[in-house]
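**Q** Read off the chains here:
2 protein chains.
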Amino acid sequence: MDTPWQHRFAQRTQRMSSSTIRELLKLIQQPDIISFSGGYPAPEVFPVEEFQNACNVVLKDHGATALQYGATEGFTPLREFIASRAAAQSDIQVNVNNILITSGSQQALDLLGKIFINPGDRILVEDPTYLGALQAWNAYGAEYITIPSDENGMITETLEAALRYGPKFIYVLPNFQNPTGTTLALERRKQLAELADRYGVPIVEDDPYGQLRFEGEHLPTVEVVDRSLHATDHGHYTGNVIYLSTFSKILAPGIRLAWVIAPPEVISKLVQAKQGADLHTSTFNQMVAYEIARQGILESHLEIIKSTYKERRNIMLDCLSEHMPKGVHWTKPKGGLFLWITLPEGIDTAALMNDAIKEKVAFVPGAAFFSNGGGANTMRLNFSFSPPDKINEGIARLGRLIHRVV
Amino acid sequence: MDTPWQHRFAQRTQRMSSSTIRELLKLIQQPDIISFSGGYPAPEVFPVEEFQNACNVVLKDHGATALQYGATEGFTPLREFIASRAAAQSDIQVNVNNILITSGSQQALDLLGKIFINPGDRILVEDPTYLGALQAWNAYGAEYITIPSDENGMITETLEAALRYGPKFIYVLPNFQNPTGTTLALERRKQLAELADRYGVPIVEDDPYGQLRFEGEHLPTVEVVDRSLHATDHGHYTGNVIYLSTFSKILAPGIRLAWVIAPPEVISKLVQAKQGADLHTSTFNQMVAYEIARQGILESHLEIIKSTYKERRNIMLDCLSEHMPKGVHWTKPKGGLFLWITLPEGIDTAALMNDAIKEKVAFVPGAAFFSNGGGANTMRLNFSFSPPDKINEGIARLGRLIHRVV
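Heads up: the protein sequence lines correspond to chains S and L, in order.
Sequential numbering from 944 applies to the first sequence in our numbering.
Sequential numbering from 944 applies to the second sequence in our numbering.
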């Protein structure tokens, strides 16, 4: 007899479904589709030769270490590099005990869910927010309290009322947010850090794109703002913020390498959770990334990425102005990978996707980014992946499609 | 004010503690310690040059793909390779839809916990069993039913009574078990598969070491035995077994690469869980492993590993005979990485560890492998990691230590 699998799965599994984005990503493997859907970096600017060189150095000089098991916390020189880079960029004290290496930021989100979320716990999120975080935390039985956002990010004026519902933590993407591309204003960062501190509620700051600013002034992270509210204890971070960033957007996502900066008590629990989740992140990949970083390639490579993405964003904004009918609005991000389109009320972008596929253009319908429903008339566009001529052609196709329904 | 982190953590986090093994692994970084503790492969036989060559080929020919995001299911050519290798080795039909690539087998254990285990669900395990599985499943609130084992593995005669307690699944390591090194007898494999089928209870077969047999005849996996009880539907596996294996022991653990073979309904839920856990396993590492496999290096490399480990096992067995006092017993594994020592009742190997560290020799105290307690007088020794002269010296030190307490 066959095993009745569906009756064997756990309760949390009933809530799992395939992420809309991941299913859509499969579409870009069809060569004639112009995809604005995934959060893919531009493959043309991957530092392939630098990787080749780093792999050769690591295997030649440290082959036996690179191929062996490693510590759950991560490769110490890479953790030290991240700590000193964070300290240099923001004038704050971070040391190696504040750093955990994870297998992509998605793993950091999963581990945070594992150590913090009891079934029914409420997480305070922006509306809309990154759907990968929702997917990770749904598995732990999270519920969500949503905070509306505008062109300056989370509207922190509404935060205090929400904090009184007793959320487990606040989740925020302050820079070039996924999905909207907007950036949290400095005054709001201060208000967020102060309120979280007052109510003793941790902040999870997810910052994959902060280093990809094309214009305007760099804003201090919420973590840095929060530091000014806390004393540091012998260089140990004792603040309220758990900060996430990644090599996926500044180097390459295919090596699955990210990091968490947090107080040692939190790092220590994350390490225990990570032991059970995957023992440790690939030693080889960590050593290769460290070799690239050590050679000073990161900063120069960032300039190449930023100028490429800025050009593509500009082209996409120009094309939108040219091809979109009246009543369609979009954000104008100052960095990152995404912009966000709002169509007139009543239009369902999920339904529009079927026609879009026929027209060989893809986007992500916005509803999936709203944890408690809504947003059917929105969509996310990625501008980093497609080269200029594809952006031109893709937005023209999308414009024709939207003209038909508006 | 500082955040009261310990009051913020989830209920499951209270049950987390650092794995004894992982903490002990840190010891082998002290150069003068002879460590029999970790499950480390012999670093001397890592195929470093083959890795170097494969990295260069992959980056030169497919750099942009290798560094980009990939599908959650895994790199298709690698999944196809695993499917056809499994089919060739066991004369069974497995196709690409039965295969999921994971970030080490530890991740497969974690994802299985996530999709199957409700808090309080009972898992049927061997006593002793792999502590990494216990660590992964404790986080989901698992309870355990233990089945005693002897030199022929799980004593399946006691299985039927335990199955009537309604376990969620049965967890078994049939070949050169971790921690004992014993192998499940063929008759018991049949009994296990038949009983699991009759009660509709899935089997999780964890087989990292099955290909590392030094002597005696290869036994069919429980999965293969189970197939004979099930019809196959157009080449889809419809049986009752979820099979895990890994590149960690046949190639290198530092690349964190393993696989699951299971019915498509199970793979599909594991994929959804993996999306939330780490999106996908490193594209680059999968392509490098595939390149090595494609070049046919795996089989010849396996011969090198096996002859190395066989020599080390022989030396360790000889040294144990020479140095251990009467009343101490150990298993004689026909493959794998571990053997298992039982000291006279009343001796606590955890207490012995403090003296062992002073004597500069390390092992894993056995109690951690017993899910419901017991085993204080046992220990696990690894024979794959240390070269012959270290095994000689290490067992001599251990013998002196044990002579003092027996």
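Hint data in this document are derived by calculation from the structure and do not stem from the laboratory.
Here the structure is a predicted model, which means the values were calculated and not measured.
Glycine included, C-beta positions come from ideal geometry on N, C-alpha and C.
Certain hints may be false.
Straight-line Cα separation of at most 27 Å, DSS-like style, residue types lysine-lysine; simulated pairs [what the hints assert, rightly or not]: (1) K1003/S with K1003/L; (2) K1333/L with K1303/L; (3) K1269/S with K1253/S; (4) K1301/L with K1277/L; (5) K1275/L with K1133/L; (6) K1333/L with K1301/L; (7) K1277/L with K1003/S; (8) K1249/L with K1269/L; (9) K1249/S with K1003/L; (10) K1301/S with K1249/S; (11) K1301/L with K1333/S; (12) K1277/L with K1333/L; (13) K1003/S with K1275/L; (14) K1275/L with K1253/L; (15) K1249/S with K1333/S.
Derived coverage of chain L by chain S (criterion: at least 3 residues anywhere in the stretch with Cβ under 8 Å from a Cβ of chain S; other residues may be distant) [what the hints assert, rightly or not]: (16) 946 to 956; (17) 1019 to 1032; (18) 1156 to 1170; (19) 1212 to 1223; (20) 1232 to 1243.
Derived Cβ-Cβ restraints for the label pairs, each shown as a range [stated by the list, open to error]: (21) E1103/S with Q954/L: 24 to 30 Å; (22) Y1108/L with E1103/S: 47 to 53 Å; (23) A1030/S with A1293/L: 37 to 43 Å.
**Q** Please go over all the hints and tell whether each is borne out by the structure.
**A** The hints, checked one at a time:
no.	hint	verdict
1	K1003/S with K1003/L	18 Å, holds
2	K1333/L with K1303/L	11 Å, holds
3	K1269/S with K1253/S	25 Å, holds
4	K1301/L with K1277/L	32 Å, violated
5	K1275/L with K1133/L	23 Å, holds
6	K1333/L with K1301/L	16 Å, holds
7	K1277/L with K1003/S	34 Å, violated
8	K1249/L with K1269/L	30 Å, violated
9	K1249/S with K1003/L	25 Å, holds
10	K1301/S with K1249/S	32 Å, violated
11	K1301/L with K1333/S	66 Å, violated
12	K1277/L with K1333/L	21 Å, holds
13	K1003/S with K1275/L	37 Å, violated
14	K1275/L with K1253/L	11 Å, holds
15	K1249/S with K1333/S	19 Å, holds
16	946 to 956	holds (count 10)
17	1019 to 1032	violated (count 0)
18	1156 to 1170	violated (count 0)
19	1212 to 1223	holds (count 10)
20	1232 to 1243	violated (count 0)
21	E1103/S with Q954/L: 24 to 30 Å	28 Å, holds
22	Y1108/L with E1103/S: 47 to 53 Å	50 Å, holds
23	A1030/S with A1293/L: 37 to 43 Å	40 Å, holds
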